[in-house]
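Novice: Here are the chains, one letter per residue:
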Amino acid sequence: MLHRRLYQFLIIYSLGLSGLFLIKYTLNLSNYVIPGPANLWATCREVWLRYFFDTGDTLAVAIIGHITSTCLAIFVGIVGRQATWVGSFVKVAAYNVQAYPIVALAPIIFILLGDGFISRLLIAAMICYFPILLSVLGIMAEPVVDIEHFYRITGRMRWQLEIKIRAFENMNKLITVIAGSATLAMAGTIVAEFIAANAGIGYSIRIALYQSDLSKILIALFLIGLSLSVYQGLLEFSGYLAKKKWEVPKGGIV
Amino acid sequence: MLLKLDNISFKYPNAETHVFEGLSHHIDEPGFHALFGPSGVGKTSFAKILCNEIKAFTGQIHTEDIETILYSYNLERLPGWSNVGDHIAKITPPSHVEKSEVLVECFGIEKCLNRRFAELSLGQQNRVNLLRYLLQDFNVLIMDESLANVDELTREKIILKVKEMFPDIIFLYISHNIVEVSKFCRQILVFRSIPKNPQTLLVKGQDLAMGQTLTKKDHELTMLEIMNAS
Chain A
1403 MLHRRLYQFL
1413 IIYSLGLSGL
1423 FLIKYTLNLS
1433 NYVIPGPANL
1443 WATCREVWLR
1453 YFFDTGDTLA
1463 VAIIGHITST
1473 CLAIFVGIVG
1483 RQATWVGSFV
1493 KVAAYNVQAY
1503 PIVALAPIIF
1513 ILLGDGFISR
1523 LLIAAMICYF
1533 PILLSVLGIM
1543 AEPVVDIEHF
1553 YRITGRMRWQ
1563 LEIKIRAFEN
1573 MNKLITVIAG
1583 SATLAMAGTI
1593 VAEFIAANAG
1603 IGYSIRIALY
1613 QSDLSKILIA
1623 LFLIGLSLSV
1633 YQGLLEFSGY
1643 LAKKKWEVPK
1653 GGIV
Chain B
49 MLLKLDNISF
59 KYPNAETHVF
69 EGLSHHIDEP
79 GFHALFGPSG
89 VGKTSFAKIL
99 CNEIKAFTGQ
109 IHTEDIETIL
119 YSYNLERLPG
129 WSNVGDHIAK
139 ITPPSHVEKS
149 EVLVECFGIE
159 KCLNRRFAEL
169 SLGQQNRVNL
179 LRYLLQDFNV
189 LIMDESLANV
199 DELTREKIIL
209 KVKEMFPDII
219 FLYISHNIVE
229 VSKFCRQILV
239 FRSIPKNPQT
249 LLVKGQDLAM
259 GQTLTKKDHE
269 LTMLEIMNAS
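From first to last, the protein sequence lines are chains A and B.
The working numbering applies: residue 1403 is where the first sequence begins, and numbers increase by one.
The working numbering applies: residue 49 is where the second sequence begins, and numbers increase by one.
Same shape as in the complex, but just chain B (with noise of 0.2 Å):
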């Protein structure tokens, strides 16, 4: 399994600087790997261009064994005209049924289920999001600010049963938050803003998995070390 980019530089049509030039990167091996850095670095951008949602870039990408990314965001919304329960139910595969089961647990969503998406709090909104993305069928899942809104050891909840469940995907967790994409992730692509050279850094992260103890020493220096980077 490989992701490779290579030398890629983007631009917005009309604007005057790139958002990132010249950004070199891969992923060989699946987990959670993360997109750190503050807004408006292009973290979105590059995933973006990774999921093909984005094409006026130059550079290259390459891929091996990846056949499906998929790329989720906080905002996203279900149709009106049906319920949580219903709308996950009708875009689940019948192979995957099972698996929707066990997450819909781990989630805690099984009270939304009978009702409107446009009632649930941001947090399960969502969740219930990225859960339907999970019952697909895909080999990289991007993950921008998915998981926003949610309480920190629901969070953690979902992110270890997640790595546990699906441990042959690359997941790109782009997030704001230091202590969990230290935490949690194997690797952490720290963005830098415009004038700083490289324009990104890459920092080994704790990648911490579920029945595992993380020592409180070697979780600050990762974040001590993302922290110098960005």
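One chain only, chain A, in its complex shape (with noise of 0.2 Å):
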């Protein structure tokens, strides 16, 4: 899973850097406005450190961001799925609320809380709750009749059977739902550090691009797809492995 993930992203970058070398020499421009191979490697050595922590730093944001509003998605999802009004009300408001785009918010979170560390981390977790929100709330509210049958009409279901018979069913939805995610959690950092904040990697491309400096730029998103495919790859590796531990082995307990 992890190694897939990594070749795939080589395999991205490489197509898409081939692809603008294409263009410069093609249209025969200058290292200016896209950089050759050596100015790339020049400014690699230059800057790789440097932006090796700031992808760090920025990673670490994504992570914690995410990982809380996972959380919050599933308790919210959980509480969301019942027919009661409670869980009408919180379907309705999650669908309402998750239409308004909330990189657009993310000027008043400055101002109001300051360019650290709880605006970058407030706006990661809110750009990517929504979509798990909406994929939990689906998941939860879908019962599933064929195993839930039995319970319901002998009077053993609980809410916690419930829940574990909807989560086990839809696992493979949950894990593809947490780590496609990680995406959005990652863009919401940046974003924000594009916008006013004062570290992360973010912060550095929002230098490199008032340098007009392509080559930087260029290095940050090699060290951002090179992380976000790892934190990926082990999201869906921790899936796989907790899938397979929960579910009895094929071929039966001898």
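Check before you lean on any hint, since a few could be wrong.
[As the list claims (entries may be wrong)] Incomplete in silico selection of chain A near chain B, CB under 10 Å:
(1) ILE1549
(2) ARG1558
(3) ARG1560
(4) PHE1570
[Stated by the list, open to error] Lysine-lysine pairs mimicking BS3-like chemistry, simulated, CA-CA at most 25 Å apart:
(5) A:LYS1647 <-> B:LYS159
(6) A:LYS1646 <-> B:LYS159
(7) B:LYS211 <-> B:LYS231
(8) B:LYS138 <-> A:LYS1652
(9) A:LYS1566 <-> B:LYS138
(10) A:LYS1646 <-> B:LYS138
(11) B:LYS138 <-> A:LYS1647
(12) B:LYS211 <-> A:LYS1652
(13) B:LYS244 <-> B:LYS96
Source of the hints: derived by calculation from the structure; they are not laboratory data.
Keep in mind it's a predicted model, so treat the numbers as computed, not measured.
Glycine is no exception: its CB is placed at the ideal position from the N, C-alpha and C atoms.
Hints are included, so try docking the two chains, each in its own frame, into the full complex.
Specialist: This is how it looks when you write it as structure tokens:
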């Protein structure tokens, strides 16, 4: 899983970079517009260590935001699954609020909370929260009738069992949604840093943008993609391990 | 023991025609009672009304000495986090453990106990599913195609054993197998499609029990009666 994520990223990044070089040499563009391989290598040697730690900083914020929003979305999804008025209210509220672009709220957050860690974390969490919530709500509100029927009709159904059945039956979907939303958490953190923060790889990209230095931006993109691929690969692998541990092995227990 | 349905009518929301209208029927003795008829005439809807899964109907249901009505059907699954044996052990009340052992042997599912439900054949899955219902406390069990995909000999063995072990229970047996319902059921409520009037007809079955024999002629007569009624 992890290696697949990594080589997929490397293929896409190489294709993108090759495309840029193709444009550069076809149109005979200067190094100022699109840097050549030598420039890129020189910039990489110059900034990689600083960018590496910046990316680590951003990833750490994204991971904390991602975990926070996943926990919150699961909690709200479990409450919202019910066919009661509370459940309906939560569902309608979630669908309506998610329609509003969270990035548009970022300036307000920076004005109120300043440009530190909390603002970045809040934006990262908010951006990945709603997609996870909508998926968890969809999964938790959908009965697995063929399994649940027995427990219901015999009076054995408890809310914990209901959640367990629905989570187990939709484990692959949940893993995919959680791993997929990691990209959103990272994007949210970078956007926050890009807008107003004073740390992280987004902040470094902003500076590189002011300097019109595409090499630095390409190095930053490489590190962002690499770190995100590792995080998503680890998430998928953890999901795979959890699923394997939870279900009965094939062929039964002898 | 009485299960009486009075003037029951039901139609699906937004549907123009009733699934059934003004249906009345009563069962006042335990044993196997069949619901028979072509697909789509309302056998399953009728069963779901009885076990309170469908509430949007008109008419009255009266029960006497009936506390629990269970409904089992042939597409049910067991959760994938435990094997068949563990699941059965978990859902079996302590007072029914002995019964469980007898039924496991009769149902021929000893070899399935260590395996995942999803790995079993359809016939094995249906037997496992029916078995877990039989291990509950109930007065009425609706078996909606619960023995589908099970071979004829095993099915016969299971039905005769269930009749012997549960003499005080009402079983409502939904099946499309005319040979089976005529042979094993006390009475057969034949559902007919909507233009036909009356919508249901009652036919007396042969109600074969363990150790009894059935003459071919009697069996054929009952089958003919069911076919004429449907």
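Novice: Now tell me, hint by hint, if it's right for this structure.
Specialist: Against the structure, the hints:
A hinted interface residue such as A:ILE1549 counts as satisfied when its beta carbon comes closer than 10 Å to some beta carbon of chain B; here the least separation is about 5 Å, so the hint holds. This hint holds: A:ARG1558 has a C-beta 7 Å from the nearest C-beta of chain B, less than the 10 Å allowed. The closest approach between the C-beta of A:ARG1560 and any C-beta of chain B is roughly 13 Å, which is over the 10 Å cut-off, so the hint fails. For A:PHE1570, the shortest C-beta to C-beta distance to chain B is roughly 6 Å, which falls under 10 Å, so the interface hint holds.
Straight-line distance between C-alpha atoms of A:LYS1647 and B:LYS159 comes to about 23 Å, which keeps the hinted pair within the 25 Å bound. Using a Cα cut-off of 25 Å, the hinted pair A:LYS1646 and B:LYS159 holds, with the two alpha carbons roughly 23 Å apart. Of the supplied pair hints, the one linking B:LYS211 and B:LYS231 holds, its CA atoms being roughly 13 Å apart against a limit of 25 Å. A threshold of 25 Å between alpha carbons decides the hint, and for B:LYS138 with A:LYS1652 the separation of about 21 Å falls inside it, so the pair holds.
Distance hint between A:LYS1566 and B:LYS138 is fulfilled; the C-alpha atoms sit about 16 Å from each other, no more than 25 Å. Using a Cα cut-off of 25 Å, the hinted pair A:LYS1646 and B:LYS138 holds, with the two alpha carbons roughly 22 Å apart. Between B:LYS138 and A:LYS1647 the alpha-carbon distance is near 20 Å, which keeps this suggested pair within the 25 Å criterion. Annotation: proposed proximity of B:LYS211 to A:LYS1652 is violated, straight-line Cα distance about 35 Å (limit 25 Å).
Note on B:LYS244 and B:LYS96: the hinted pairing holds, with a Cα-Cα distance of about 23 Å set against a maximum of 25 Å.
Taken one by one, the earlier hints fail for this structure at numbers 3 and 12, listed in ascending order.
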